[in-house]
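Visitor: As a plain string of letters, each chain reads:
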Amino acid sequence: MKTISNYTHDVGAHCETGSVRNLIRHAGLEVTEPMIFGIGSGPAFYYLFFAKGPSTFPLIGIRTPPGTILKNVSKLSGIDFFSRQYSNTDKALARAHELLESNVPVALSVDMFYMKYLPSFLHVHAPFHFIILVGVEGDRYTISDPYFEEIGYLHIDDLRAAWETHAPLAKDNSLFHVKNIPGEIDWKNAVIRGMKRTCKNMILPPVIRNLMFFVGIQGMRTYAKKIRQWPKDFSGVILREGILFNAVGFEDQGTGGGAFRLMYGAFLQEAAELLGSTALVEMADRIIEHGRNWRDISRMLIRLGKKLPTSDEEYNDWIRQNAGMLDDGLDEIAGLFEKAADVEDRFFRDLGNIAADLG
Amino acid sequence: MIITETPEQQKHPHRFLMWDADENGKCVSSLAESEFASDIHLYYEQRAKEVRRLLVRLTDNEISPVYFFMDYQQITVKDLASRVRVSASTVKKHLTPDGFKKVSIEILQRYARVFDIMLADFFNFTLVPDDINVKNTRHNNRLLQKTTITANENNK
Numbered sequence: 046m047k048t049i050s051n052y053t054h055d056v057g058a059h060c061e062t063g064s065v066r067n068l069i070r071h072a073g074l075e076v077t078e079p080m081i082f083g084i085g086s087g088p089a090f091y092y093l094f095f096a097k098g099p100s101t102f103p104l105i106g107i108r109t110p111p112g113t114i115l116k117n118v119s120k121l122s123g124i125d126f127f128s129r130q131y132s133n134t135d136k137a138l139a140r141a142h143e144l145l146e147s148n149v150p151v152a153l154s155v156d157m158f159y160m161k162y163l164p165s166f167l168h169v170h171a172p173f174h175f176i177i178l179v180g181v182e183g184d185r186y187t188i189s190d191p192y193f194e195e196i197g198y199l200h201i202d203d204l205r206a207a208w209e210t211h212a213p214l215a216k217d218n219s220l221f222h223v224k225n226i227p228g229e230i231d232w233k234n235a236v237i238r239g240m241k242r243t244c245k246n247m248i249l250p251p252v253i254r255n256l257m258f259f260v261g262i263q264g265m266r267t268y269a270k271k272i273r274q275w276p277k278d279f280s281g282v283i284l285r286e287g288i289l290f291n292a293v294g295f296e297d298q299g300t301g302g303g304a305f306r307l308m309y310g311a312f313l314q315e316a317a318e319l320l321g322s323t324a325l326v327e328m329a330d331r332i333i334e335h336g337r338n339w340r341d342i343s344r345m346l347i348r349l350g351k352k353l354p355t356s357d358e359e360y361n362d363w364i365r366q367n368a369g370m371l372d373d374g375l376d377e378i379a380g381l382f383e384k385a386a387d388v389e390d391r392f393f394r395d396l397g398n399i400a401a402d403l404g
Numbered sequence: 081m082i083i084t085e086t087p088e089q090q091k092h093p094h095r096f097l098m099w100d101a102d103e104n105g106k107c108v109s110s111l112a113e114s115e116f117a118s119d120i121h122l123y124y125e126q127r128a129k130e131v132r133r134l135l136v137r138l139t140d141n142e143i144s145p146v147y148f149f150m151d152y153q154q155i156t157v158k159d160l161a162s163r164v165r166v167s168a169s170t171v172k173k174h175l176t177p178d179g180f181k182k183v184s185i186e187i188l189q190r191y192a193r194v195f196d197i198m199l200a201d202f203f204n205f206t207l208v209p210d211d212i213n214v215k216n217t218r219h220n221n222r223l224l225q226k227t228t229i230t231a232n233e234n235n236k
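Protein sequence lines correspond, in order, to chains A and B. Okay, so the first sequence: first residue is 46 according to the working numbering, each after it adds one. Okay, so the second sequence: first residue is 81 according to the working numbering, each after it adds one.
Bear in mind the hints are in silico, worked out from the structure with no lab data behind them. Do not rely on the hints blindly, as some may be mistaken.
[To be verified] Using 20 Å as the maximum straight-line C-alpha spacing, the simulated EDC-like pairs for lysine to aspartate or glutamate come out as follows:
{"no.": "1", "chain 1": "A", "residue 1": "K352", "chain 2": "B", "residue 2": "E130"}
{"no.": "2", "chain 1": "B", "residue 1": "K226", "chain 2": "A", "residue 2": "D203"}
{"no.": "3", "chain 1": "A", "residue 1": "K97", "chain 2": "B", "residue 2": "D151"}
{"no.": "4", "chain 1": "A", "residue 1": "K351", "chain 2": "B", "residue 2": "D119"}
{"no.": "5", "chain 1": "B", "residue 1": "K106", "chain 2": "A", "residue 2": "E318"}
{"no.": "6", "chain 1": "B", "residue 1": "K158", "chain 2": "A", "residue 2": "E182"}
{"no.": "7", "chain 1": "A", "residue 1": "K351", "chain 2": "B", "residue 2": "E115"}
{"no.": "8", "chain 1": "A", "residue 1": "K352", "chain 2": "B", "residue 2": "D119"}
{"no.": "9", "chain 1": "B", "residue 1": "K215", "chain 2": "A", "residue 2": "D217"}
{"no.": "10", "chain 1": "A", "residue 1": "K245", "chain 2": "A", "residue 2": "D402"}
{"no.": "11", "chain 1": "B", "residue 1": "K106", "chain 2": "A", "residue 2": "D330"}
Computed from a predicted model, the values in this text were never measured in an experiment.
Let the sequences and hints guide you as you build the complete structure.
Guide: Shown next as structure tokens:
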């Protein structure tokens, strides 16, 4: 039996930022989750038209790809993380055991579907969920999961299934832990560079923008257009669940609300204080207001989605009577997303200019 | 597979960490039950209906047990093929009742691992009333299962 001593489990809005923060805190450095999110250049938008999500709707990404935040934080703060993907679970487990014996908590990227301690509605096949191993006793592993208020427990069979999925793009058998915290960290520089990178990710150069029409601000505009097409592309229960899932994904899938934009507001407030910048205070207010508006759009999606029938058999009759109402509702929501894209366009341009002035 | 009379509900409310500005404009976090909790409840009901709809298609010999679990767990053919380490066309064959008859036990074990079920779950669907508890435990790499049936004290 081995359990990390002095480990403090804490929840997080998001699994990657929450896990990275918990590891850094355990290593002795106090840092907030929004700071990890901001330095890690978390905010993003991807309309992944080529990848199907729940209910066969295209996947929407509202933060940078899994693992990117860790890389960015490591690069900009100088915190040294050991990160490695092993060829099989036996090797990965052996390394994890060595680390636990050395009192080092170790983060893993796993499929959330097998996290039995989470409620059933979170048992979805998402092989990019970050957890921290903090102990092992026989076949039972002790887990610190930012999505769970208490410490969770996993049987070795579930851990193995979650850690080696062979799913497309999954980082099977990968782990990371803090290796070294530098004596001095230039947080100001890290914050400024993190902001610059975020702006660059959101506002692509004009030529690239046309090619990468599904990324950043242009991705938001593409998504808005596609919303109007949903009743043509989908029908029945799939359409109902797809509309609801889009909204829940913006709010309840580890975003902290408003598609991560509210947590980014918390980061900008912290950055404003660190850098003594009144311009950043104003930017924080703008993104918080935007995040709240995004939440309102999510609520509209939920209200509209709930109007659709819960069985395929009822759909044809329902759509004959309600096609106009559905089209109008989606058109209104699409319009609000187009406005949201305009807001983010101005916001990230202004933030980029402020970051350039700051250093 | 055990299909309970009453769909599984969220036994304990799950709280998420949410960020928002307080009355002074400072962005703070708080743990809160999802404001969409009632929609999650509806989602459970929807999924329970979906299980029964798929079960009818299964017993009518329209789909295979692999199709049943793939559809229920909302995995795409491409994703499933990658996870089971076979081609997408092979998975497509296994989605039909005739194709399913040709799946080897080894491949079936891989499917079972992905779906987190036992091999017996591909062949046995147990409808359980609320006053009965049925618990399956897995053995020998999901090849064997032990079933324990008890009275549900809460529903007496």
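Visitor: The structure should be examined with respect to each hint, and the outcome stated for every one.
Guide: Okay, the hints, checked on the actual structure:
no.: 1; hint: A:K352 <-> B:E130; in the structure: 18 Å, holds
no.: 2; hint: B:K226 <-> A:D203; in the structure: 18 Å, holds
no.: 3; hint: A:K97 <-> B:D151; in the structure: 13 Å, holds
no.: 4; hint: A:K351 <-> B:D119; in the structure: 8 Å, holds
no.: 5; hint: B:K106 <-> A:E318; in the structure: 12 Å, holds
no.: 6; hint: B:K158 <-> A:E182; in the structure: 36 Å, violated
no.: 7; hint: A:K351 <-> B:E115; in the structure: 14 Å, holds
no.: 8; hint: A:K352 <-> B:D119; in the structure: 12 Å, holds
no.: 9; hint: B:K215 <-> A:D217; in the structure: 30 Å, violated
no.: 10; hint: A:K245 <-> A:D402; in the structure: 15 Å, holds
no.: 11; hint: B:K106 <-> A:D330; in the structure: 9 Å, holds
In summary, the numbered hints that this structure violates are 6, 9.
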